Amino acid sequence: ETGVTQSPTHLIKTRGQQVTLRCSSQSGHNTVSWYQQALGQGPQFIFQYYREEENGRGNFPPRFSGLQFPNYSSELNVNALELDDSALYLCASSFKQGWSYEQYFGPGTRLTVT
Amino acid sequence: DQQVKQNSPSLSVQEGRISILNCDYTNSMFDYFLWYKKYPAEGPTFLISISSIKDKNEDGRFTVFLNKSAKHLSLHIVPSQPGDSAVYFCAASFRGGSEKLVFGKGTKLTVNP
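Residue numbers (the working numbering), protein chains in the order written: chain A, 1 to 114; chain B, 1 to 113.
It cannot be assumed that every hint is accurate.
[Stated by the list, open to error] Here are a few chain A residues that sit away from chain B, every Cβ distance over 12 Å (derived from the structure): (1) 31; (2) 44; (3) 63; (4) 64; (5) 77; (6) 84; (7) 88.
[Claimed, not checked] Computed list of lysine to any residue pairs in SDA-like fashion (alpha-carbon distance at most 20 Å, straight line): (8) B:100 with A:58; (9) B:100 with A:44; (10) B:5 with A:82; (11) B:100 with A:87.
If you're looking for bench data, these hints aren't it; they were derived computationally from the structure. A quick note: this is a predicted structure, and the numbers were derived from the prediction, not measured. Every residue gets a Cβ at the ideal spot worked out from N, C-alpha and C, and that includes glycine.
Start from the sequences and build out the full structure, keeping to the hints where you can.
Next up, the structure:
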């Protein structure tokens, strides 16, 4: 059974640029969530996708957007990057049917905006 | 507005002793609580969870206690091992473990040999 994978591992971008981060869910999972973890903080919920539809969004501006594909992999897109977007971006997958089960996290993508 | 709080940034214990990590929450609508462990350069790893209808859940060396009236939960690790050294995050959700998780800031546990 393959766990949650994310790419790339590290990324350096310039303010104003756009970035796409990728996530492959754990086999059998139908839900993917994205979190942003700033230094010294806990992960903050960005949004969740369930069966390719957005299923909840945290307090992040519209320049943060996402997609979930039929194979349940996912992308996080961030436009007009700002310095404060520098963080660890975590993807988590889970299975939801009736009851919802624990989320399993990938290793994250470290984004640095200069 | 921090709805989940871990007031101890760090904790140091001796190998073999008990580690107790604490977490407080403010939103009484939370009905599911989880603990995750995080090593450097890795994503958080699920440890143990508890539903609001229970007050205790055990899994091997790990036990989570929930006190709903105090809006407080704790994670007990007995006995502590050096490999337990990591950052521990408390998280809460409204409808189960797959839903939006609200995390605390974490507690760094160091278990000394």
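Verification of the supplied hints:
1. Non-interface call for residue 31 of chain A relative to chain B: violated, since the shortest CB-CB distance, roughly 5 Å, does not exceed 12 Å.
2. For residue 44 of chain A, the condition that its CB be more than 12 Å from all CB atoms of chain B is violated, with the nearest at approximately 7 Å.
3. The claim that residue 63 of chain A lies off the interface holds: its Cβ sits roughly 20 Å from the closest Cβ of chain B, which is beyond the 12 Å cut-off.
4. In this structure residue 64 of chain A is separated from chain B by more than 12 Å, as the shortest Cβ-Cβ distance comes to about 15 Å.
5. Look at residue 77 of chain A: its CB is around 20 Å from the nearest CB on chain B, clear of 12 Å, so calling it non-interface holds up.
6. Its beta-carbon lying about 17 Å from the closest one in chain B, residue 84 of chain A satisfies the requirement of being farther than 12 Å from that chain.
7. With 12 Å as the threshold on Cβ separation, the claim that residue 88 of chain A sits away from chain B is violated: the shortest Cβ distance comes to roughly 9 Å.
8. Restraint check: the Cα-Cα separation between residue 100 of chain B and residue 58 of chain A comes to about 8 Å, which is no more than 20 Å; the hinted pair holds.
9. A threshold of 20 Å between alpha carbons decides the hint, and for residue 100 of chain B with residue 44 of chain A the separation of about 9 Å falls inside it, so the pair holds.
10. Of the supplied pair hints, the one linking residue 5 of chain B and residue 82 of chain A is violated, its CA atoms being roughly 28 Å apart against a limit of 20 Å.
11. Taking the CA atoms of residue 100 of chain B and residue 87 of chain A, the gap is near 19 Å; set against the 20 Å cutoff, the hint holds.
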